[in-house]
Amino acid sequence: MTTLVPVTYKGGVYRHDEIMDLIDDLGGYIVQKHVMAQDVVLQSFVPRDDIELIRRIAKPLAGEVVEAPLVGTEIAVVSPSLEIHHLPHISCDIAEYLRRSGAKTNMVGLARGFGKRIANLNDEERDVINEHDLAVYALGNFEECIRKKFPAIRREIDVPIVVTGAPDREALMRVIDPPVEGYVGGIGRIMHRFKRPEELGKLDELVDEVSRVLDARRDALAKDPLSVFPPRLMAIIEEQIHEVSMLTHPTPVTAQMEGLRVKLPYDSYADDVRSLPVAEGVTVGDIADVTPSRMRNYILIRIKPFSETRILV
Amino acid sequence: MPPLNYFVVESPDEVGRVAYERVAGDVLQDLDLIKVIDRLHIYVDPKVPIFVAAGLLRHMPREIRVADFANVNRGEKEVVLDISDETYLAPLLQKLWVIYGKEHVDQPDRFTIVLPAGMAGDENLDRLVVADPSETLYKDVIYALQYIAPEGFKVRRQYIREGKFYYVASEDTLPTDIVETAVVPLFEKMGVTL
Numbered sequence: 001m002t003t004l005v006p007v008t009y010k011g012g013v014y015r016h017d018e019i020m021d022l023i024d025d026l027g028g029y030i031v032q033k034h035v036m037a038q039d040v041v042l043q044s045f046v047p048r049d050d051i052e053l054i055r056r057i058a059k060p061l062a063g064e065v066v067e068a069p070l071v072g073t074e075i076a077v078v079s080p081s082l083e084i085h086h087l088p089h090i091s092c093d094i095a096e097y098l099r100r101s102g103a104k105t106n107m108v109g110l111a112r113g114f115g116k117r118i119a120n121l122n123d124e125e126r127d128v129i130n131e132h133d134l135a136v137y138a139l140g141n142f143e144e145c146i147r148k149k150f151p152a153i154r155r156e157i158d159v160p161i162v163v164t165g166a167p168d169r170e171a172l173m174r175v176i177d178p179p180v181e182g183y184v185g186g187i188g189r190i191m192h193r194f195k196r197p198e199e200l201g202k203l204d205e206l207v208d209e210v211s212r213v214l215d216a217r218r219d220a221l222a223k224d225p226l227s228v229f230p231p232r233l234m235a236i237i238e239e240q241i242h243e244v245s246m247l248t249h250p251t252p253v254t255a256q257m258e259g260l261r262v263k264l265p266y267d268s269y270a271d272d273v274r275s276l277p278v279a280e281g282v283t284v285g286d287i288a289d290v291t292p293s294r295m296r297n298y299i300l301i302r303i304k305p306f307s308e309t310r311i312l313v
Numbered sequence: 001m002p003p004l005n006y007f008v009v010e011s012p013d014e015v016g017r018v019a020y021e022r023v024a025g026d027v028l029q030d031l032d033l034i035k036v037i038d039r040l041h042i043y044v045d046p047k048v049p050i051f052v053a054a055g056l057l058r059h060m061p062r063e064i065r066v067a068d069f070a071n072v073n074r075g076e077k078e079v080v081l082d083i084s085d086e087t088y089l090a091p092l093l094q095k096l097w098v099i100y101g102k103e104h105v106d107q108p109d110r111f112t113i114v115l116p117a118g119m120a121g122d123e124n125l126d127r128l129v130v131a132d133p134s135e136t137l138y139k140d141v142i143y144a145l146q147y148i149a150p151e152g153f154k155v156r157r158q159y160i161r162e163g164k165f166y167y168v169a170s171e172d173t174l175p176t177d178i179v180e181t182a183v184v185p186l187f188e189k190m191g192v193t194l
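If you read the protein sequences in the order shown, they are chains A and B.
Mapping to our numbering: the first sequence position 19 is 19, numbers consecutive.
Mapping to our numbering: the second sequence position 112 is 112, numbers consecutive.
If we strip away everything but chain A, and leave its shape as in the complex, we get (with noise of 0.2 Å):
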């Protein structure tokens, strides 16, 4: 079996659709695509063993391929409020770094998440924030603040969480109890644009620890499958509801690691995509859950391990 690697191509909009037509053919899945004016970048799945190919062809349209190590995976970066203590910057510029690097991402503002005794979490914003792969909590300056603040406002959430904080690495692993799965630094309240290199050497290492973090998930996933592959799932989807075409959202169906995001109203379509066959005989019913979203009225399908449905597409 071919593995696929989430990559990102970057190139002009003149004869990209030969790209595209190019990694459908190597079997790769293309799970976002932006147009920015003259510029296309592509987030895709390719065989790990053509991404020479990719790049040879891309050659002559100026076109470069990049390991993207979070292509395929929603993240959910959480602030406390969306004040202008916490927003644009740092939640903002993290967002936008994680995007770089492939991820969607989706801003959560608390809406009682500020201070440090007061500080709650309401349940759709749990729900919300569960519905992801990984939370990113972007958190203040004062250790102190931190310590008692965050138990509130990580109740019930069950997705890895990564934290970041103005007190080091060990003093974040010291005051977090119980330990969350990846701690960044030295990113506090920040109130400038991040510019400077030490500043985008965090985001740098936020990266690498939310690859890191997602990686040891993605192992996890691999001793027991998925019934489909995600993107295999949402190429599906895209082909055979053709409403999707229509929506004028970004990302229409949203890939993650162990599901999809369909931004389609659940009531009038959660039967059309449950019945929906992925092979013969098989739906996505039998291999998914689908149910309404938190976010807005929108489809969360949650994939079933092999393990449960004894199907593997």
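Source of the hints: derived by calculation from the structure; they are not laboratory data.
Take every hint as true, because none was put in to throw you off.
Among the chain A residues that face chain B by a calculated CB cut under 8 Å, a handful are:
| hint | residue |
| --- | --- |
| 1 | Arg117 |
| 2 | Phe142 |
| 3 | Gly188 |
| 4 | Met191 |
Glycine included, each C-beta is placed from N, C-alpha and C at the ideal position.
Assemble the complex: chain A is given as a structure, and chain B must be docked to it using the hints.
For chain B alone, kept in the frame of chain A given last:
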């Protein structure tokens, strides 16, 4: 670092202290208050929890008059204002409309205003006060401190008068004598009495 005459951030948490020094510097720079604030002392202790900022303002900015940003050219039939900086154009037009009436204030292009000559108030046109930046300055200073202070510190007491200002904030109720116990000592450190 802002060129204030005195700028100190105190905190029992060293990492937080350094971070707040940067936060305060960035905010003052962003809001263009570095030239306005002369001295600033911040004390922040998340354990109490308390945030205290005390400081002095430099001279207050003076009023903006027509002559500051426009040339007044008097002709026989009309007065032509040649605008060099558009910043205060909108408040100027508002004032002129009140004085001359909207139908007499002609603006053929962005940088020119034509007024009829020989109307009342003509002779003092150069000296006409268009805006007073100090009106919004107080709000700007308090906003900056609100912006610097930790977000959860919602209970606050603020003061700005005669060139002195303070801002005390906490997550809990502030004790009644907080000014005497927390603010006065900071002013003393700056060599000033409140």
